[in-house]
Amino acid sequence: MVDPLDNPTLHPRALTERERAPGFKWHSYAGSPRSSQAFCLSAFGTLRSVSDKDRVLEALFRHALPGFPPRRRPRRWSILPEAESPELLSEFGTQQATSIDALCLSSDEVVCIESKFATDAEHGFGGCSQFPKACAGFRGPGSDIAKQTDAWCRLENWEGHRSPRAYWSLGKRWFRPEIFNRQTASDVCALRGANYQLMRNFLFAASIAERDRKSRFGVLAICPRRYAPVLEEQLAAFRRDILQPEFRDLIAFVDYEAYTD
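According to our numbering, the sequence shown is numbered sequentially starting from -15.
Some hints here could point you the wrong way.
To be verified - Below 30 Å or equal to it, Euclidean Cα-Cα: the simulated BS3-like pairs (lysine-lysine) are:
| # | residue 1 | residue 2 |
| --- | --- | --- |
| 1 | LYS156 | LYS37 |
| 2 | LYS9 | LYS37 |
| 3 | LYS131 | LYS117 |
| 4 | LYS156 | LYS198 |
| 5 | LYS9 | LYS117 |
| 6 | LYS156 | LYS117 |
| 7 | LYS156 | LYS131 |
| 8 | LYS37 | LYS198 |
Claimed, not checked - FRET-style restraints, in silico, Cβ to Cβ:
| # | residue 1 | residue 2 | range |
| --- | --- | --- | --- |
| 9 | PRO161 | THR0 | 40 to 48 Å |
| 10 | GLN132 | PRO6 | 20 to 28 Å |
| 11 | ASP(-13) | ARG210 | 39 to 47 Å |
| 12 | GLU106 | TRP158 | 27 to 35 Å |
| 13 | PRO6 | ILE129 | 21 to 29 Å |
| 14 | PRO213 | GLN80 | 22 to 30 Å |
| 15 | SER153 | ARG59 | 25 to 33 Å |
| 16 | ALA169 | PRO213 | 48 to 56 Å |
| 17 | ASP233 | PRO6 | 27 to 35 Å |
| 18 | PRO53 | LYS117 | 24 to 32 Å |
| 19 | PRO208 | PRO53 | 26 to 34 Å |
By construction, these hints were calculated from the structure, which means they are not laboratory data.
Quantities reported herein were computed from a predicted structural model and do not represent experimental measurements.
Virtual Cβ for every residue (Gly too), placed ideally from N, Cα, C.
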């Protein structure tokens, strides 16, 4: 396996000492030239050493996120790759907590960037790993096929060291009420497929904004234009089918070519 630090697509100025330290969480294929993590670090990690960083970020956010305010002088932004806060969504235990590819923070705003590059962009946003082996794929009693509990969603129960996830409880503030209805085996859980990864990014951004008393948050998905159709379609479905109408403009898709411009 190639050392991620030797990845030819990793820009020489992409990393800070934090990311060069042994504890940094590299993806399994971070040494590959097709690594989405290396690509994202090159694209946004390197931006930290550019004098126009703040202006570039705000131009990108204004381009992609409706309602993002124009300003004569941009705010000062920090960019934190692979950001995690397990307490936000109650993601304690051995399984991977939500990890934000590039967490962008200003004094009053937060934007979570979800970056895809090649293989993962072709596959689309990630789905819930409980289905189909542990979960029957619907939200309601009888869906927990692994433990045979009466939980509507088995992620809301303790399992070993995994804490009950707060996704459904936090989502009631933002998501369409009908997705919380009791389902049967003929139904499909609204968060089973690509909505699962988008939901976690959205709730992470919303929760960190509330915790840190920031007045605005957003989620930005990005990938090269050639891989865009699948991700654009999935994100549009998330906005249409999951979010309440007044919150749909808080998440958007943009391609890397627009960022380059």
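Right, here's what the structure says about each hint:
1. LYS156 / LYS37: violated (35 Å)
2. LYS9 / LYS37: Status holds; Cα separation ~24 Å.
3. LYS131 / LYS117: holds (11 Å)
4. LYS156 / LYS198: Roughly 20 Å between the alpha carbons, so the hint for LYS156 and LYS198 holds.
5. LYS9 / LYS117: Holds, because 27 Å separates the two Cα atoms, which is no more than 30 Å.
6. LYS156 / LYS117: Satisfied, since the Cα-Cα distance of roughly 27 Å is no more than 30 Å.
7. LYS156 / LYS131: Within the cut-off at roughly 26 Å; holds.
8. LYS37 / LYS198: holds (21 Å)
9. PRO161 / THR0: 40 to 48 Å: holds (43 Å)
10. GLN132 / PRO6: 20 to 28 Å: Violated, at about 42 Å.
11. ASP(-13) / ARG210: 39 to 47 Å: violated (28 Å)
12. GLU106 / TRP158: 27 to 35 Å: holds (29 Å)
13. PRO6 / ILE129: 21 to 29 Å: violated (39 Å)
14. PRO213 / GLN80: 22 to 30 Å: Taking Cβ atoms as reference, PRO213 and GLN80 lie about 27 Å apart, which means the hint holds.
15. SER153 / ARG59: 25 to 33 Å: holds (31 Å)
16. ALA169 / PRO213: 48 to 56 Å: violated (32 Å)
17. ASP233 / PRO6: 27 to 35 Å: violated (40 Å)
18. PRO53 / LYS117: 24 to 32 Å: violated (46 Å)
19. PRO208 / PRO53: 26 to 34 Å: Roughly 28 Å apart at Cβ, these two residues keep to the hinted range, so it holds.
The structure is inconsistent with the numbered hints 1, 10, 11, 13, 16, 17, 18, although it conforms to all the rest.
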